[in-house]
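Novice: Sequence:
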Amino acid sequence: MIMAVRDVAVLARFGARLHWQDKIALTTAIALPLALGLGLPALFARLGMPASALLPAHLGLLATLLLLMSMNQIAVVLTVRRDQLVLKRLRATGMRDRDVLAGEIVNIAAQASLVSIALVLLARPLAGLTPPRDPLLLLVFLVAGALTLALLGAAWTAAIPRSELAAAMTMPFFMLAGFSSGGFGPIAELAPAWVRTAFELLPTSAVAEAARIAYDPAGSPATDLAAAAGPALTLAVWAAIGLAATARWFRWEPRRS
1 MIMAVRDVAV
11 LARFGARLHW
21 QDKIALTTAI
31 ALPLALGLGL
41 PALFARLGMP
51 ASALLPAHLG
61 LLATLLLLMS
71 MNQIAVVLTV
81 RRDQLVLKRL
91 RATGMRDRDV
101 LAGEIVNIAA
111 QASLVSIALV
121 LLARPLAGLT
131 PPRDPLLLLV
141 FLVAGALTLA
151 LLGAAWTAAI
161 PRSELAAAMT
171 MPFFMLAGFS
181 SGGFGPIAEL
191 APAWVRTAFE
201 LLPTSAVAEA
211 ARIAYDPAGS
221 PATDLAAAAG
231 PALTLAVWAA
241 IGLAATARWF
251 RWEPRRS
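Going letter by letter, the sequence shown gives residues 1 to 257 in UniProt numbering.
No lab work stands behind these hints, which were simulated from the structure alone. Remember, it's a predicted structure, so these values are computed and weren't measured experimentally. Worth double-checking, as some hints may not be accurate.
Said to hold, decoys possible - Have a look at the derived ranges for each label pair, beta carbon to beta carbon:
{"id": "1", "residue 1": "Leu122", "residue 2": "Leu47", "range": "13 to 21 Å"}
{"id": "2", "residue 1": "Ala31", "residue 2": "Arg89", "range": "26 to 34 Å"}
{"id": "3", "residue 1": "Gly48", "residue 2": "Leu122", "range": "17 to 25 Å"}
Each residue gets a CB set at the ideal place from its N, CA and C atoms; glycine is no exception.
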């Protein structure tokens, strides 16, 4: 157990080192989310959007960007390293397959969580938003959401034939998250009831809902736990799906042409 944790930590640090040396990854996984996550709420605030509308937009955008930083980013990272045979070489070191993948997932989820926390902290001075009433609940769901989405991204790499297509093949999930969680505005309210119900079952919607609970000034620790049970169950189900799909279909080597 100790060796497994140590291997995961080593691989997470290795992945982080490669990540910070990649200018494209820094742009898409850090610079772009910070620019959108801070720039849009600040712009809306300057345009006079009331706090009652600004906060839901900010939380929906937060969940949408979490998907971009975790699911989309790990799909790109893993397909690139698969095509460059980096994953194959890591397997040859004697480390277990699950530890190799766990290291990559922990690295991406940790960075996505840190950027998300920065977005929450900077939203007050830049957009005038109040801080969350229950910051611990928000933190737990940001981390759990990042891990779940990273797992789903790892599973999705099985459908991506080449690393050049990874960004394009994950972009529909980003768009879906923006529509469903409110990151692109209250567009979901215009959809039929059955579509809104389906949207509520998505992992990004669970993160956005948990964030709303954490910001609700009328809540309490007891009511927070009860209200967060639904989003927690949604994330748990999606995490199980991602874990099973990754174990079943993940490919370690490039597809033969």
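Novice: Each hint should be assessed against the structure and marked as holding or not.
Specialist: Hint check:
For leucine 122 and leucine 47, the hinted distance range of 13 to 21 Å is satisfied, since their beta carbons lie about 19 Å from each other. The supplied range of 26 to 34 Å is met by alanine 31 and arginine 89, whose beta-carbon atoms lie about 29 Å from each other. Checked against the hint of 17 to 25 Å, the C-beta distance between glycine 48 and leucine 122 comes to roughly 20 Å, which is consistent with it.
The structure fails none of the hints (numbered hints given earlier).
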